[in-house]
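Trainee: Read top to bottom, the protein sequences are chains D and U. The first sequence begins at 1 in the working numbering and counts up one residue at a time. The second sequence begins at 79 in the working numbering and counts up one residue at a time.
Honestly, the hints are just simulated from the structure, not real lab data. Do not take every clue at face value.
As the list claims (entries may be wrong) - Here are the in silico distance ranges between beta carbons for each label pair:
(1) D/R73 / U/R164: 46 to 56 Å
(2) D/L31 / U/E335: 49 to 59 Å
(3) D/T5 / U/R168: 26 to 36 Å
(4) D/G12 / U/D112: 51 to 61 Å
(5) U/L430 / D/L31: 43 to 53 Å
(6) D/T5 / U/A165: 56 to 66 Å
(7) U/A214 / D/T5: 38 to 48 Å
(8) D/R62 / U/P446: 25 to 35 Å
(9) D/D9 / U/P446: 37 to 47 Å
Quick reminder that beta carbons are idealized off the backbone N, C-alpha and C, glycines included.
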Amino acid sequence: MTTATTTVDCLGLACPIPVVRLARAVASVELGGVVELLADDPGARVDIPVWCRLKDQELLARHDRPEGGWVFRVRRAR
Amino acid sequence: MRAAAETYLDAASTTPLHPRARAALVEALDGFGDPSRLYGRGRRARMLLDRSREQLAAAVGAAPDEVVLTSGGTEAANLAVTGLARAARRRRHLVVGAVEHTSVLAPARALAGQGFEVTEVGVDGSGRVEEAELAAAVRDDTLLVCLQHANHEVGTVQPVREAAALAHQRGALLLVDACQTLGRLPVDMATLGADLLVASGHKVYGPPGTGFLVASRQARLRPVLVGDERERRRRAGMENLPGVAAMAAAVSARVAEASAEQDRMAALAGRLVAGLAGIPEVVVHGDPAHRLPHLVAFSVLYVEGEALLLLLHAKGIAVHSGSSCTADTQEPSHVLAAMGAITHGSVRVSFLRDATRADVDRLLEVLPDAVADLREMAELDTQAVERATEGSGEPRGGAPVGPEGSGEPRGGAPVGPEGSGEPRGGAPVGRERR
Numbered sequence: 001m002t003t004a005t006t007t008v009d010c011l012g013l014a015c016p017i018p019v020v021r022l023a024r025a026v027a028s029v030e031l032g033g034v035v036e037l038l039a040d041d042p043g044a045r046v047d048i049p050v051w052c053r054l055k056d057q058e059l060l061a062r063h064d065r066p067e068g069g070w071v072f073r074v075r076r077a078r
Numbered sequence: 079m080r081a082a083a084e085t086y087l088d089a090a091s092t093t094p095l096h097p098r099a100r101a102a103l104v105e106a107l108d109g110f111g112d113p114s115r116l117y118g119r120g121r122r123a124r125m126l127l128d129r130s131r132e133q134l135a136a137a138v139g140a141a142p143d144e145v146v147l148t149s150g151g152t153e154a155a156n157l158a159v160t161g162l163a164r165a166a167r168r169r170r171h172l173v174v175g176a177v178e179h180t181s182v183l184a185p186a187r188a189l190a191g192q193g194f195e196v197t198e199v200g201v202d203g204s205g206r207v208e209e210a211e212l213a214a215a216v217r218d219d220t221l222l223v224c225l226q227h228a229n230h231e232v233g234t235v236q237p238v239r240e241a242a243a244l245a246h247q248r249g250a251l252l253l254v255d256a257c258q259t260l261g262r263l264p265v266d267m268a269t270l271g272a273d274l275l276v277a278s279g280h281k282v283y284g285p286p287g288t289g290f291l292v293a294s295r296q297a298r299l300r301p302v303l304v305g306d307e308r309e310r311r312r313r314a315g316m317e318n319l320p321g322v323a324a325m326a327a328a329v330s331a332r333v334a335e336a337s338a339e340q341d342r343m344a345a346l347a348g349r350l351v352a353g354l355a356g357i358p359e360v361v362v363h364g365d366p367a368h369r370l371p372h373l374v375a376f377s378v379l380y381v382e383g384e385a386l387l388l389l390l391h392a393k394g395i396a397v398h399s400g401s402s403c404t405a406d407t408q409e410p411s412h413v414l415a416a417m418g419a420i421t422h423g424s425v426r427v428s429f430l431r432d433a434t435r436a437d438v439d440r441l442l443e444v445l446p447d448a449v450a451d452l453r454e455m456a457e458l459d460t461q462a463v464e465r466a467t468e469g470s471g472e473p474r475g476g477a478p479v480g481p482e483g484s485g486e487p488r489g490g491a492p493v494g495p496e497g498s499g500e501p502r503g504g505a506p507v508g509r510e511r512r
């Protein structure tokens, strides 16, 4: 929770790319590190929380972006 | 040429004509006649129509006059939902399962804008409707509860009898969509507790353009198609007599055959699921116990479903994907989303009645490489993007440093399903299935 946040921009990209990039980014940060994912594919809204659950990673928050899409904040938990 | 060699694993979409259906179709094609006319040709047509209707009724435990012939399952579902609502006097509430086919969901949602209230009941991780939620949803003014017999995308069989009891307690009717189960599992109006039942011809080895609704006497319907008095004023338009005769032959044949082939279907499904366990990061969907015997659905993580279908198509294998994410207007599968399952990379495999182990093996021979190729492409794409954008400065060596089985997408990497593709959200894992 003290490590810097890594941002992954997947705006305009269809699934499964946001999930692929999130998986990669989470794997690359320290345990406890946070990845912030920007995505606007409708599939991502469903699949990102499911992926976090499947992989025991912590979905800290999901915010709507005023410009459309969402910001997902995921902490590497294992 | 390719069509002849194609391994067809999409029986849940549509099926070829049963030989008995084909014979009935060909025979009826030459015997034209309007069943509503009183001369010889009309009477002969009427006799064939009556006989076909009796066969259909007998197959599902209904009375012949409860059978309304339609152009397919979609029309039957539309007629049931819309026709019942139009005839309703006081009851203005409908309950639908969240994973119903869109031919049930769409007319129900349309009614929501016309003075009706619609409650959608959620499902658990296996796609099975939550009984407690269903019980809470049914009210004293509920007109209709809609629950499919089995789900078309993941094969989960629904608690239909329980739904019937809940509906009937409050004086509501139960509509059962049996398009995926007729000719595969026992379908009987009384056993299911159904007041209305929807069936499709082309999904049960009959011709496309045929289907039927069973509407019991309690179910008062206003017709959707109007213009004459056929089908006891419930559906106007000349009957598709050759199609109906063929559908009736198919349904009769399939109802007789189905129970004998269930073990064989289950063995094929088990063989496929066992094979899938050897591919990293595959999640099998659906209920392990309550399910269609001939259908297996799964998601391949980090892979686009349609891309996988195209690769399989190039190898002569036909399967279906529930996820169509290429067009940005398209929503993820409402079924998988309601289950809380991964929606990308979804594949549905469903066996025809004459499927063999060779068909399963053919798929299992091609699938691992196709998956590995697509994952490798995704990996290359990710690396290209990271080189292009300056990146976020996170430490990264040349080798991926992911946590054990974190889902690091690498093509063909020896990450077993052990502790990786394991669904923890209630969805059953493949190798536990049977």
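Trainee: Would you mind marking each hint as holding or not holding in the structure?
Mentor: Outcome of the hint check:
1. D/R73 / U/R164: 46 to 56 Å: For D/R73 and U/R164 the Cβ distance comes to about 49 Å; the hint holds.
2. D/L31 / U/E335: 49 to 59 Å: Between D/L31 and U/E335, where Cβ atoms are some 57 Å apart, the hint holds.
3. D/T5 / U/R168: 26 to 36 Å: violated (57 Å)
4. D/G12 / U/D112: 51 to 61 Å: Holds, since D/G12 and U/D112 (Cβ atoms, about 57 Å apart) stay within the stated range.
5. U/L430 / D/L31: 43 to 53 Å: holds (49 Å)
6. D/T5 / U/A165: 56 to 66 Å: holds (59 Å)
7. U/A214 / D/T5: 38 to 48 Å: holds (41 Å)
8. D/R62 / U/P446: 25 to 35 Å: holds (34 Å)
9. D/D9 / U/P446: 37 to 47 Å: violated (32 Å)
Hints 3 and 9 from the earlier list are contradicted by this structure; the remaining hints agree with it.
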